[in-house]
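Asks: Below, each chain spelled out in residue letters.
There are 2 protein chains.
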Amino acid sequence: MAAPAATAAELEAQGFRPLDEASLVAYIRATPALAASLGGRVDALEVKEVGDGNLNFVYIVLSEAGSVVVKQALPYIRCEGDSWPMTRERAYFEASALQEHGRLCPDHVPEVYHFDRAMSLIGMRYIKPPHIILRKGLIAGVQYPLLAEHMAEYMARTLFFTSLLYNSTTDHKKRVAQYCGNVELCRLTEQVVFSDPYMVSKFNHWTSPFLDKDAESVREDDGLKLEIAELKSIFIERAQSLIHGDLHTGSIMVTTDSTQVIDPEFAFYGPMGYDIGAFLGNLILAYFAQDGHADQANDRKDYKEWILKTIEESWNLFQQKFVGLWNKHKVGNGEAYLPAIYNNPELLSVAQKKYMTSLFHDSLGFGSAKMIRRIVGIAHVEDFDSIEDASKRAPCERRALDCAKAILKGRRQFESIEQVIAHVRSITHD
Amino acid sequence: MAAPAATAAELEAQGFRPLDEASLVAYIRATPALAASLGGRVDALEVKEVGDGNLNFVYIVLSEAGSVVVKQALPYIRCEGDSWPMTRERAYFEASALQEHGRLCPDHVPEVYHFDRAMSLIGMRYIKPPHIILRKGLIAGVQYPLLAEHMAEYMARTLFFTSLLYNSTTDHKKRVAQYCGNVELCRLTEQVVFSDPYMVSKFNHWTSPFLDKDAESVREDDGLKLEIAELKSIFIERAQSLIHGDLHTGSIMVTTDSTQVIDPEFAFYGPMGYDIGAFLGNLILAYFAQDGHADQANDRKDYKEWILKTIEESWNLFQQKFVGLWNKHKVGNGEAYLPAIYNNPELLSVAQKKYMTSLFHDSLGFGSAKMIRRIVGIAHVEDFDSIEDASKRAPCERRALDCAKAILKGRRQFESIEQVIAHVRSITHD
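Chains as they are written, first to last, in the working numbering: chain A, 714 to 1143; chain B, 714 to 1143.
Check the hints yourself; a few may be wrong.
Because identical chains share one entry, a pair is satisfied inside a single copy or across any pair of copies.
Distance condition first, Cα-Cα at most 20 Å in a straight line; then the derived SDA-like pairs of lysine to any residue [as the list claims (entries may be wrong)]:
1) K1122 / A1064
2) K1122 / V1063
3) K887 / N1046
4) K1066 / D934
5) K1014 / H961
6) K1122 / S1071
7) K915 / P1052
8) K1043 / E943
9) K1122 / T1070
10) K1022 / I1134
11) K1118 / L1060
12) K1034 / A1135
13) K1041 / D1008
14) K887 / Y805
15) K887 / S809
16) K1118 / A1092
17) K841 / H827
18) K926 / M912
19) K841 / G764
20) K1043 / Q904
21) K1067 / S1129
Note that these hints are calculated values from the structure, not bench results.
With the sequences and hints as input, model every part of the structure.
Replies: So, in structure tokens, the structure goes:
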């Protein structure tokens, strides 16, 4: 993947040392911004390691008077038993994106209290219980009545305000250049989303033997390969907005009245549709997983309807909010649609429809690609993995895969999210 | 346009002083790389100022044993009587692009002998007589039998070898970030190509009163405005290759057996189609100008046919060479079309056709936009301006404008360059 991992001595020379619970406490005591987040009460701290140890250390730190989450990036990622060197600089981009998106959408992004670039360490707001990872809530069958509204707001604000619809080309290019530095994470996405699932790769796996033929058919589908090449180009070449870059349902923490987006370490200037697609695609995965979670107590039928309604509302509210921001800020620094050119409401409205249709098709393409890679690629989703019986899991995954393939190839035929949902529903019922 | 121009004192503090003939000679004598280009014979130099004084000083320097061109960027551009501050840093991007494109295509790009960033000064190979600017040759009705072959080679090599078809994403993003710095020149293009012609702007002019209605109809053509918005987005957002950025027929010097591309100060990572379109669009302008240059001695009919043939061959040879490079380098650092995925010749061939069709439509779009702005925007072309009788010039310009509007709006319907040429021809004959 990349250059070999630095040795411990090299890391130390760079000012980096991985913290454990004891050294973390010393670090906090020596760091005013972190001490302040704990109300200055740093004598008796409670520390809990909650990271999965695959990419980062994540500690929850509590005092009598406050709390903080401390996240430290490690110089590698562990994935499926392999260890890949991976730049710690991703912490810089994560902190930068949290700060920028947090400024634009403070209700749905945790505040950054402290960032230490040499240590690859971020101190940020602790998102307290009863917040849980959305994916776990979707598996448990919990409805989040405000999820669509909140995510539409988050996506509309972060994507609009970092696009050329709002910013001058000068500001835009400056930020694009900055985030070009996060290329190692972009390359990881390129590999695991746009390449590996479509070729023989030791990293791929699937529910075998049930999906052997399905995985093979992905690798032999020329139509799919033509579409994925186009999406891969857009992903790398098109600097449209500062995107989160990994906006699946594992990057979102929720309660019934709060939605918080975390972990933007893949952030860069890329296509807006990649974020929207990630969110919608992962909801569709959750939908297809429900049959595997159904039992006599709960057939999950109502819950499946709620997921579909959430998908529908997420796109429709996003679209409405995004166009609303566009109309509100049509006179400003943005140079993409100058008022002197798009000088009548009908023309602007047609231009907006064209823009949103193109964004819709991008979102469907990227969303489908994200679904496919979760079934036949390296990293799967707990939605399916938690269905223990493989003979029960496989048909759920197959429906999701078939759905994704059809949407990816036929995305330009869909004119509304309702049509997409009708398609999703049609696959379930056969 | 930008920040106010620096004062003379500020410029001096930056290490910049505009050279005149006397100080240029002193500078050359003190600069080994320039002295060497003159064979070390720097005692009796012949210096000729050949720049138009609008953007840069350009000096030809000759000794008994050698020659060099010295180009110095000024901190402003003069255009139509107005003076705009314009970063001297464009000299850095021009030198960088000359070096990079020169490495990739040495036959058609002058060597850089010396670059002085503080002085915004480039010393490069003197492109000797009988080389003339291609545009002047096109006005004079001179045929260049190798032009299509040479330009196809130049475009194929510079665009292919700086794209993701050849380079790793890591190298690509590094260079994209570097050229984001040339944003002031990008903004100038945005304004003069993608904005001003479609709105009321004091910078616009046209052959009045003949084309008053035509200019107005551009400003009121909603279909055109929808298309130009899309092209503008692609221009700013899509970092496909290191493009020249200003590849019109005034940036090319020719003899019957040599073709040299100069002046890439607008270079940045942008859409390939912008370069291809600039070249083809300016040839179409030259075609429509021929009726204004016809006289009893020469009806220019044969010459018009030669221009059309050159357009046809330029695209077809470009396509052939570009796909040839792709096939030759399909196993390499490029990650866009991995051999393990595009693993049979038929699939790769279909993928290439899809890629080239999309590039063709981009080129037609950008080429048309470049034509339109030369008729109703700020900077016109000598092809038309040299037709002194306005009543004779206006119908030529109108045909070019009508042709460009139709191609811009209908570009996706064209399947081959032959169809485009049939369309160009149909407009001439009505």
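Asks: Are the hints correct? Go through all of them and say.
Replies: For each hint, the structure was consulted:
{"no.": "1", "hint": "K1122 / A1064", "verdict": "between (25 Å within a copy, 14 Å between copies)"}
{"no.": "2", "hint": "K1122 / V1063", "verdict": "between (26 Å within a copy, 15 Å between copies)"}
{"no.": "3", "hint": "K887 / N1046", "verdict": "within (15 Å within a copy, 27 Å between copies)"}
{"no.": "4", "hint": "K1066 / D934", "verdict": "between (32 Å within a copy, 17 Å between copies)"}
{"no.": "5", "hint": "K1014 / H961", "verdict": "neither (23 Å within a copy, 63 Å between copies)"}
{"no.": "6", "hint": "K1122 / S1071", "verdict": "both (15 Å within a copy, 17 Å between copies)"}
{"no.": "7", "hint": "K915 / P1052", "verdict": "between (53 Å within a copy, 16 Å between copies)"}
{"no.": "8", "hint": "K1043 / E943", "verdict": "between (31 Å within a copy, 17 Å between copies)"}
{"no.": "9", "hint": "K1122 / T1070", "verdict": "both (16 Å within a copy, 18 Å between copies)"}
{"no.": "10", "hint": "K1022 / I1134", "verdict": "within (9 Å within a copy, 51 Å between copies)"}
{"no.": "11", "hint": "K1118 / L1060", "verdict": "between (35 Å within a copy, 18 Å between copies)"}
{"no.": "12", "hint": "K1034 / A1135", "verdict": "neither (24 Å within a copy, 46 Å between copies)"}
{"no.": "13", "hint": "K1041 / D1008", "verdict": "neither (48 Å within a copy, 57 Å between copies)"}
{"no.": "14", "hint": "K887 / Y805", "verdict": "both (16 Å within a copy, 17 Å between copies)"}
{"no.": "15", "hint": "K887 / S809", "verdict": "both (14 Å within a copy, 19 Å between copies)"}
{"no.": "16", "hint": "K1118 / A1092", "verdict": "within (18 Å within a copy, 49 Å between copies)"}
{"no.": "17", "hint": "K841 / H827", "verdict": "within (18 Å within a copy, 61 Å between copies)"}
{"no.": "18", "hint": "K926 / M912", "verdict": "within (14 Å within a copy, 57 Å between copies)"}
{"no.": "19", "hint": "K841 / G764", "verdict": "within (15 Å within a copy, 67 Å between copies)"}
{"no.": "20", "hint": "K1043 / Q904", "verdict": "between (38 Å within a copy, 17 Å between copies)"}
{"no.": "21", "hint": "K1067 / S1129", "verdict": "within (13 Å within a copy, 26 Å between copies)"}
This entry does not satisfy hints 5, 12, 13, going by the numbered hints stated previously.
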